[in-house]
Amino acid sequence: MGTFTLTQKAKSDLKSIAAYTERRWGRHQRRIYARQFDDAFHMLTETPGTGVECGFIKSGYRKFPCSSHTIFYRSVGDTKIEIVRILHKRMNARVRLGGVLRQP
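The opening position of the sequence shown corresponds to residue 8 in this note's numbering, with each subsequent residue numbered one higher.
Certain hints may be false.
[As the list claims (entries may be wrong)] In silico lysine-lysine, DSS-like type, Cα no more than 30 Å apart, as pairs: (1) Lys-87 with Lys-16; (2) Lys-65 with Lys-87; (3) Lys-96 with Lys-16; (4) Lys-22 with Lys-87; (5) Lys-96 with Lys-22; (6) Lys-18 with Lys-96; (7) Lys-65 with Lys-22; (8) Lys-65 with Lys-18; (9) Lys-16 with Lys-70; (10) Lys-87 with Lys-18; (11) Lys-22 with Lys-70; (12) Lys-18 with Lys-70; (13) Lys-96 with Lys-65; (14) Lys-70 with Lys-87; (15) Lys-96 with Lys-70; (16) Lys-16 with Lys-65.
[Claimed, not checked] Across the chosen pairs, the derived CB separations fall in these ranges: (17) Thr-12 with Gln-43: 10 to 20 Å; (18) Ser-66 with Gly-33: 36 to 46 Å; (19) Gln-43 with Thr-10: 13 to 23 Å.
Derived from the structure by calculation, the hints contain no laboratory data.
Even glycine gets a Cβ: it sits at the ideal position worked out from N, Cα and C.
Full structure from sequences and hints, please.
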């Protein structure tokens with residue numbers, strides 16, 4: 008079974024998403040949405056090739072949709088992925104990811 012880690016930016020993204028979701032739709036919806044992310048992270052550790060390659064941003068990075076957001080991640084070794092960012096689908100990924108991406 009694979010594992011995942013989150014960058015500081017990804018952790019910050021999750022906190023912001025959770026706070027906004029709770030303010031807008033309530034605690035119950037926040038919990039549902041958090042579970043969707045957690046399920047997606049675990050699924051990606053099992054099948055890291057599931058996401059779409061996004062070499063237009065950085066070699067080795069992939070993206071995977073999760074509700075209104077996109078999870079950006081990369082494989083780290085054979086059994087681990089790193090969640091780089093979680094961005095709303097309307098956000099400009101090139102701009103938002105440009106400052107945190109590095110060559111694997």
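Exercise. Keeping to a limit of 30 Å between CA atoms, is the pair of Lys-96 and Lys-22 held or broken?
Worked result: This hinted pair holds, its Cα atoms lying about 17 Å apart.
Problem set entry | Proposed proximity, Lys-65 with Lys-96 (alpha carbon, max 30 Å) | The given pair, whose Cα atoms are some 18 Å apart, holds under the 30 Å limit.
Exercise. Is Lys-87 close enough to Lys-18, meaning Cα to Cα at most 30 Å?
Worked result: holds (17 Å)
Exercise. Lys-18 and Lys-70: Cα distance at most 30 Å?
Worked result: holds (17 Å)
Exercise. Given the proposed pairing of Lys-70 with Lys-87, does the C-alpha separation stay at or below 30 Å?
Worked result: This hinted pair holds, its Cα atoms lying about 15 Å apart.
Exercise. Does the alpha-carbon distance linking Lys-87 and Lys-16 stay inside the 30 Å limit?
Worked result: Distance of about 18 Å is within 30 Å: holds.
Exercise. Regarding the pair Lys-22 and Lys-87, is the alpha-carbon distance no greater than 30 Å?
Worked result: Between Lys-22 and Lys-87 the Cα gap is close to 22 Å, so the pair holds against 30 Å.
Exercise. Given the proposed pairing of Lys-96 with Lys-16, does the C-alpha separation stay at or below 30 Å?
Worked result: holds (16 Å)
Exercise. Taking only the CA atoms, is the gap from Lys-65 to Lys-87 under or equal to 30 Å?
Worked result: The given pair, whose Cα atoms are some 18 Å apart, holds under the 30 Å limit.
For this session: Would you check the hint for Lys-22 and Lys-70, treating anything up to 30 Å between C-alpha atoms as holding?
Result: Holds, because 20 Å separates the two Cα atoms, which is no more than 30 Å.
Exercise. Is it true that the CA of Lys-96 sits at most 30 Å from the CA of Lys-70?
Worked result: Distance of about 11 Å is within 30 Å: holds.
Problem set entry | CB-CB spacing for Thr-10 and Gln-43 relative to the 13 to 23 Å hint | Taking Cβ atoms as reference, Gln-43 and Thr-10 lie about 19 Å apart, which means the hint holds.
Comparing the model with each earlier hint shows no violations; every hint is respected.
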